Structure formats: structure tokens, C-alpha cells
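Participant: Chains as they are written, first to last, in the numbering used here: chain A, 1 to 613; chain B, 1001 to 1293.
There could be a bad hint or two in this list.
[As the list claims (entries may be wrong)] Distance condition first, Cα-Cα at most 25 Å in a straight line; then the derived DSS-like pairs of lysine-lysine:
#1 A/Lys609 with B/Lys1028
#2 A/Lys166 with A/Lys230
#3 A/Lys166 with A/Lys578
#4 A/Lys304 with A/Lys357
#5 B/Lys1079 with A/Lys578
#6 A/Lys265 with A/Lys388
#7 B/Lys1079 with B/Lys1028
#8 B/Lys1079 with A/Lys467
Hints listed in this document are in silico derivations from the structure and should not be mistaken for laboratory results.
Source: prediction; values computed, not measured.
Now for the letters of each chain:
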Amino acid sequence: MQTPTRDFVAIDRPQRWDHPLDPDMLTRDLGWMLEQPPFLTMNRDVFPSHSTLEDVLRHDCRILRFEPGDMVIREGDYGGSAFLVLRGSVCAFLESLWRPRGKPNESGPQETWLDWLKGRFQTDRPQPPASFQDNRREANRSGNRVSISEKERPVPIQRIENQGGKNRIFLQDIHAVVEGFQSEPLGVGEIFGEMAAITRSQHRYTVVADRPTIILEIRWQGLRLMRRDKTFREYLDSRFRATSLQTHLRETPILRFLDDAAMEKVIAKTRIESLGEREWFSEYRDTQKLDVQTQIEREPIIAKEGQSVQDLILIRAGFARLSFEQGRGHQTVAYLGRGQVFGLPELAHQFRNRLGKSIPFQESLRALGFVDVLRIPSELVLTEILPKIRNSELPKPISHLRYDSGGLVVPDGPTTSTHGPSNLIEKSLAVLETSLVEFLVDERLINGKQTMLIDLDRCTGCDECVKACATTHQGTPRFVRNGPQYGPLLFAHACMHCADPVCMIGCPTGAIARDPDSGVISINPDTCIGCKTCAESCPYDNIVMIQSRDDQGRAAVDRKTQLPILQASKCDLCHELKSGPACQIACPHLALFRIDTSETSSLAEWLLKRASA
Amino acid sequence: MKNLPQNRFAPIADSLAGRIPSMTRIGKRLLPSLAVLVAWAVVRALRNRSAASLENEAFVTGYSLAAVCALLMLLGVRKRFSTFPFGRLAIWQQTHHYLGLLSVGAYALHANFITDGWLESILAISFWAIALSGLIGWYVNHTTPRLLRAAGRQILRQDIPVRMMEVADQAHAIAMSSAGNAETATLADHYRADLSHFFASRRNLWYRICPTGGRRRRLIASLENIARYLNTEGRIQLGEMSMLLQTKDDLDFQSAIQNRIRLWATAHTWFLGGFIVLAAAHILVVYQFADNW
Chain A
1 MQTPTRDFVA IDRPQRWDHP LDPDMLTRDL GWMLEQPPFL TMNRDVFPSH
51 STLEDVLRHD CRILRFEPGD MVIREGDYGG SAFLVLRGSV CAFLESLWRP
101 RGKPNESGPQ ETWLDWLKGR FQTDRPQPPA SFQDNRREAN RSGNRVSISE
151 KERPVPIQRI ENQGGKNRIF LQDIHAVVEG FQSEPLGVGE IFGEMAAITR
201 SQHRYTVVAD RPTIILEIRW QGLRLMRRDK TFREYLDSRF RATSLQTHLR
251 ETPILRFLDD AAMEKVIAKT RIESLGEREW FSEYRDTQKL DVQTQIEREP
301 IIAKEGQSVQ DLILIRAGFA RLSFEQGRGH QTVAYLGRGQ VFGLPELAHQ
351 FRNRLGKSIP FQESLRALGF VDVLRIPSEL VLTEILPKIR NSELPKPISH
401 LRYDSGGLVV PDGPTTSTHG PSNLIEKSLA VLETSLVEFL VDERLINGKQ
451 TMLIDLDRCT GCDECVKACA TTHQGTPRFV RNGPQYGPLL FAHACMHCAD
501 PVCMIGCPTG AIARDPDSGV ISINPDTCIG CKTCAESCPY DNIVMIQSRD
551 DQGRAAVDRK TQLPILQASK CDLCHELKSG PACQIACPHL ALFRIDTSET
601 SSLAEWLLKR ASA
Chain B
1001 MKNLPQNRFA PIADSLAGRI PSMTRIGKRL LPSLAVLVAW AVVRALRNRS
1051 AASLENEAFV TGYSLAAVCA LLMLLGVRKR FSTFPFGRLA IWQQTHHYLG
1101 LLSVGAYALH ANFITDGWLE SILAISFWAI ALSGLIGWYV NHTTPRLLRA
1151 AGRQILRQDI PVRMMEVADQ AHAIAMSSAG NAETATLADH YRADLSHFFA
1201 SRRNLWYRIC PTGGRRRRLI ASLENIARYL NTEGRIQLGE MSMLLQTKDD
1251 LDFQSAIQNR IRLWATAHTW FLGGFIVLAA AHILVVYQFA DNW
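Generate coordinates for the entire structure from the input sequences, incorporating the hints supplied.
Facilitator: Have a look at this one:
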């Protein structure tokens, strides 16, 4: 197909659906799928002529067959597809089977030169089956929510078996595991995994086939097109809300002491609320040009300081700014992310005073981009939740109120942040100065799971990092040693492998995707059609368009127009190198790091280490 | 850019972590220094044993020096293989520094700092040049981050010429706007006489090797001197010109510092190349006349 010329090679411009999810899908299977619900009842007129329902099913779907015990999705893996049960049934576990997985790119130890040398002299040996036998469940998980005690519970063992050249991952003795853990059966016509696919996040639960099952995998791009059908869209939305509410509440640490009855009450009374746009990047680009105070005022408010505490607020997805009014502006004191709670100190204050006088919110909470929150009514918190929490786990009493029932209090001492029961957060905030927190929030660096941080007190600008990156990626570096700067900290323009990777939203081919295991977001050059959607979506300008090149380094041009063929390029954390990111390894001054800036504790820990080095 | 005091977190770190940072720092340097001392003592002992057995001790010290030099060169090789899992480059660089120290000790044992013969003299000069450039490199690497930070927000080397052009254009625009009014024209005259060259040209070689703030101070002082001839509008323009002058000087400074580190790396590599050729010639000559020993 390729016509080599002197310096470039002419090829056909890549198109959407050049690489279907299942290239071997039979027309017979396609016909059968169209006769199954919900596709049978879908309104085909809402699909445009260039991407009909048949096209979507043919290119963005594949039929998967599972035996009893086979794992369909595993908690902690990143999701990019939804799954629809066509035949049989599956079991979705409502609680964690294993302890939480590691952070991106921390799935295993990095390869040392000794390992590398060993690898050169060793022949390929079959790997022993992965087992989670040694993994212990979180010690503090609820012991009274299920009737079986911890000792009686079976330890789920994951096995890998090679069948016909394909690895089959299954849970040993599935029936015992189903009996030992809370689970929900899902039958024909039910969909799962869509939550992780829509929010570009990790699966919160494991799903296992409990009988011979046929499942249709629908990749995110196809799912987005199918949402054109109103009934299907409404079904997805209602399911998304119901499932996410239940899963999140069951995972929330402060609710772990609740028994089943109390938990059911909480689930029934909790409201889910979404603020901001899922595609928040375009609005962010516009508001970034405004001054900081105007930006803050434009952020959707979740809870306002001085107002009475009606609900306990749980962040389900996204990030929120915690701030209070200071003079004519707003001072940011922290940012809260998934799993964090707002309003607990105020409710605990009221609870400690034996349900006496209530105090209003001491700080405001504003949505940064898209945020999902759960609201648990305060009466329920005071009567059902707080009495079951140990005193030591309650937040410290508020020593200096900023607001009381009469309004703003004139401070007689230093006012401190009241939010969050976690000591870790308090310690982090002691280290991170307010202006640094404000900087991280304003630049939205709070989204980064692997933010490239350069310590300018060590960096000499020798560019060894850039050279190493270029060497690893066919001569084109995938980051720029420049970016937002806070004192000696330079947050370089390198992909941060975000908690909420908005770059993935619009990709029509699924070329930009997150690795389910490591969490690394990378671009598949074979399926990237150079549409620039990801580059334009990235709020941090960390994706650039470069000329596509073949294996011999020749630039690709369109056979018809002779115009260059572009492809998106970004940092892939050198996921193919076992030694870790080349830039980091190549820095001779130990100036370049990768930090999880989505959590204040990681940055605080790093700053402490830096100060004591 | 916001400022963060350098040791802002040190007291918190010490109290929270319960560590004694100075001990860690000493430990980090003490152990490799001891290793260098031990290695040097071993070479010296081998030389003494060789001398005691009436052998030519120069072979022992010479090969020891050659071995150390070969190890020193491994850093350059390592840099070219960034995709191989050979450990962090920082560790290699640290090892390189200590081996450099050892090489000086080994050289002292081999040549007693004094050499005769033209080839040996050139070889000695080449060795000292490379050792000195290494020492300068160590100093440059340690001082560059501080100097770059002092020059404000770090700008990529390749972006500096563009920024300089922008600054020069802005200065020219201010001068042109002041030229039309008799009460501000002094600024335009001063720009044409003293400043236009500063904005449009690169700094001299000496500045690029050892940048100082002397010229900037002189030019700012000269600007302040003409303030009395300007009206209010002219003084505002003078303030803007003064800011641009500082920006240009910062850019010159950043350019000089960033180029200096590259110049040093190139010089160190060239000295190394020359040394390898001369050392190879020296070994050949030694073996040519080895029978006489």
C-alpha cells in the first residue's frame, strides 16, 4: 500500500473505523444483535447516515463468551467499555474483593540493570498464575454489614488459564465467593461498566460470570453514539445514578459502621447532584482569561459559608474548591476530590453538643469543572451515622468559629480550616501554603495523577530529560520543559495522566485510551486519525499534533492530497520501558519527578522529603 | 511567578520526620569519599609492592589510571543508552565525580605531578585540562540553578531569541512614540544614542562567559539621569523602558548561563577526546621502549 519517495511516504489517510473492535465479526452475528433488546427497539432514524446503528454495532462492539467464574471486569481496572448481557447472567460484587490497587505505573517494581541482564540470559518461561491469595482485605471494612464473619469468608483466588491461545481469568470456586460477599445478579438486557467508561475512571466493583454467558462489549465511542436514542439514554442515566449512589455509599469510610438497615435508610434518603459540565475544558479555557476572583465566583456553588448545614456532602467524582471569604475575595484553603466529605466538622460540632445549637458551614465548596456530589440529610447523619462512629474518628472540635447561627463572627484568634476528618489532610495543609494550593487549583493541576514536576533549585537546564525522551520516541520529545511555575517548582507541559482525562471524551476511534492496569493514558498510532479532538480538549496543552512517520522515520503524506498526515502525540510515561519514564531516569541532578497532585498528601510528602534532603 | 522561600519546609520536615538532615548529607558524601580514599590506598600499596619487588611501578599506577579513566568515560556511554535499564543517571554522575577525584590521586601516584618529555608534557596538560574542566563543571552545575532562578521565570533557550526580539520591538515602539513630543524626545535621543544597540545586539564574549550586572546598572542610572528632562508622560515611558531594559538583561543573563553549561559540556568532551588520543600514543610509546626497563 505504501509508495516510498525520497523523504516521505504517501499513504491513505486513516479513517474512523479502520480498526473495528472485532475485525472478524460475522454478518450473521450482526443481524442477531440487531434483533436483541435494546437495539431492537432503538429509533434508527436518530443515527446519521455515516454512522448508522449497524455501523456502530459492527465497528464499536464485540461479542464475548464467558464460562462460570470468568472475570468480566475487575475492580481497580480502568474502564473504556460498557457491557451488555445478551445470554446467561453475571454477578456484580457490591464490595471490594481485594485491597485497593496501586497508583498508575506502580503495579510492579521497576526493572533494575541486574533484572535486565538476567532477562537477556533467560529464556521465556511461562509466568505463574497471578494470585491474590496474599492480599488481605482492608482491615477496617465493615464487619457487620454482611451476615458472614470475616473468618468465615472465602479468600477470592484469581487464576489465569490458557485456553486456545487466549488467557482466561477466572475466580476459583465462584459459588463460595458469591455466598461470602454482597453481590447483585445482572441478567439479560442489563448493562454494566458504563459508569467507569463514561467517567473515564476505575471500575469500583468486580463482575464475574456465574453461568455460561454471552456479553456484548460496547466501547465508549459506540456507547456515546447509541446515546442518541432517547430511551437508551434515559436508561443509562437512571442506571448510572442508581448504581453510583449505592457503590459510593458502601465504600465511604464513615459509613462503614452502619448495619444493613441503617445503610438502606441512608441510600433511600441520599440525593445525587451533578454540577458543571462533563466537557468542562472549553469553559475552563474561557474563564482562565478572567481574573481569579471572577473565576471563583463563576464556579457553581455546592455549599455556601454561613448557610445552615442541611446535608453532609460527599464528593463522588471530580474536584471541588474549599474556600472562605477574605476581604473582597475568596481564599482557597484546600481542594477536595473523590471520597472526601464536606460539612462533617459542623455536624460533629452539633453532635458533640448533644444535638444542641447547630452551626452553619464554615467554608464554601465550589465545583471545579464537573463534580458529582451525594447529599445525605443532616438529620440522618446526626441520628444514624455519627452515633456509630468512634469519638477518635470524629473531626477535631472547631476551636474558632468563623460563622455561628448569628452570622459572621469577629475572630478572636487564628481561624483554621475545619474541613475533613483526615489527619493526613490536616498534615498536608500544614505543609502546603495557601498560595500553593490556590496555584494548583487555578491551574487545574489537581487533575494530575502523574504530574511532571521539575525542581528548579536543582535543574540546570541541561535538557538530558528532553534528549532521553526524544531517544525513546523516534527523535520527537513528548513534553516541553516549560510550563506553570510556582517558586522553584515547574509543572512541565507533559501529560499528567489525569484523574479526569477529558482528552478521551471526544476521540472518535478510541485511539487515546487508558491502560486498564497501569492507568497510563496513551495514544495508539495505528488508530489515531489525526482529528485533533484530544489536543484541543486537553486544558493543559499537553497534547501536540506531529507529522506521522513510518518505521523508517519517513514522514507520511496523504496519497490523494499530498498533505502531511498528522497524529496526536503525548507523554506515555514510557510504559514500554520497565525502568520507568526515560526523562526521570536521565535527569543527572535528580530534579525531575512525577507527583500525584490530585491528592494534597502526595505533594506534601514530596515537599517534606525535598526539605530534609 | 510566585516566590517560595527555599527552606520553607525544613523545620516542619525535621520535626515531623524526626531526622537530622545534616547527618544524612554527611553520610551521603562521607561513604563515597572513604571509598575513594580506600581505592587510592590500594593503588598506592600495589605501587609500593611493585617497587619493592624491583618491578616498574609505573605500569601498576598507569593501568590503574587507565582503568579509572575508562570508568569515567562510561558516563558518556550511559547517556547515549537512555532506554536501557542501567539505573538513574544521577547515580552515574555522582560516581563520575568521585572517580574524577580518584583519577587525580592515581595521576599523582603515576606521574608525581611533574613530567618530562614533550609527549608526556602534552598528556599532562591534557589531563589537567580535563580535570580542571571537570571541577569547573561541578561548580557550574551547582551554581546554575540558583543563577537561573535569580533571573526570574525560566525561559527555554530556544525561545530566548524570540523574546529578545519582542522586547527590542517594544523598546523601539516606546522610543518612537516619545520622539513626536518635545517634552519626551530626550528619551528617544537617549534610546538612539545608548540603548538601541543594547536591545538589538548580543552581549560580548566576556559577558557570555562570566555575566555580570554592571552594564544594566550603568544603563539604568543613565535613564534615571534624563528623568528631569521629561514630563509626566515621558516619565511613564521611561519607567516602561527601564522595565524592558531589565527584561533584556535577564534574557541575556539566562542565555549566557544556559549557553555556558552547554559550552562547558562540549569543552569537557573535546578535552576527553584529545586525552584519549594522547593516552593511546603514550601507551604505544611505553611498550615501544618497555624492553629498556
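Participant: All hints, please: hold or fail.
Facilitator: Hints, one by one, checked against the model:
Pair hint lysine 609 of chain A plus lysine 1028 of chain B holds up; C-alpha atoms about 15 Å apart against a cutoff of 25 Å. Restraint check for lysine 166 of chain A and lysine 230 of chain A: the C-alpha separation of about 38 Å exceeds 25 Å, so the hint is violated. Of the pairs offered as hints, the one joining lysine 166 of chain A and lysine 578 of chain A holds, with about 24 Å between alpha carbons and a cut-off of 25 Å not exceeded. At roughly 19 Å between alpha-carbon atoms, lysine 304 of chain A and lysine 357 of chain A fall within 25 Å of each other, so this suggested pair holds.
Between lysine 1079 of chain B and lysine 578 of chain A the CA atoms are separated by roughly 17 Å; this keeps the pair inside 25 Å, and the hint holds. Simply put, lysine 265 of chain A and lysine 388 of chain A have alpha-carbon atoms about 15 Å apart, close enough for the 25 Å limit, and the pair holds. Restraint check for lysine 1079 of chain B and lysine 1028 of chain B: satisfied, since their Cα atoms lie roughly 23 Å apart, inside the 25 Å limit. A hinted pair counts as satisfied when its Cα atoms are at most 25 Å apart, and lysine 1079 of chain B with lysine 467 of chain A qualifies at roughly 9 Å.
Checked against the numbered hints given earlier, this structure breaks only hint 2.
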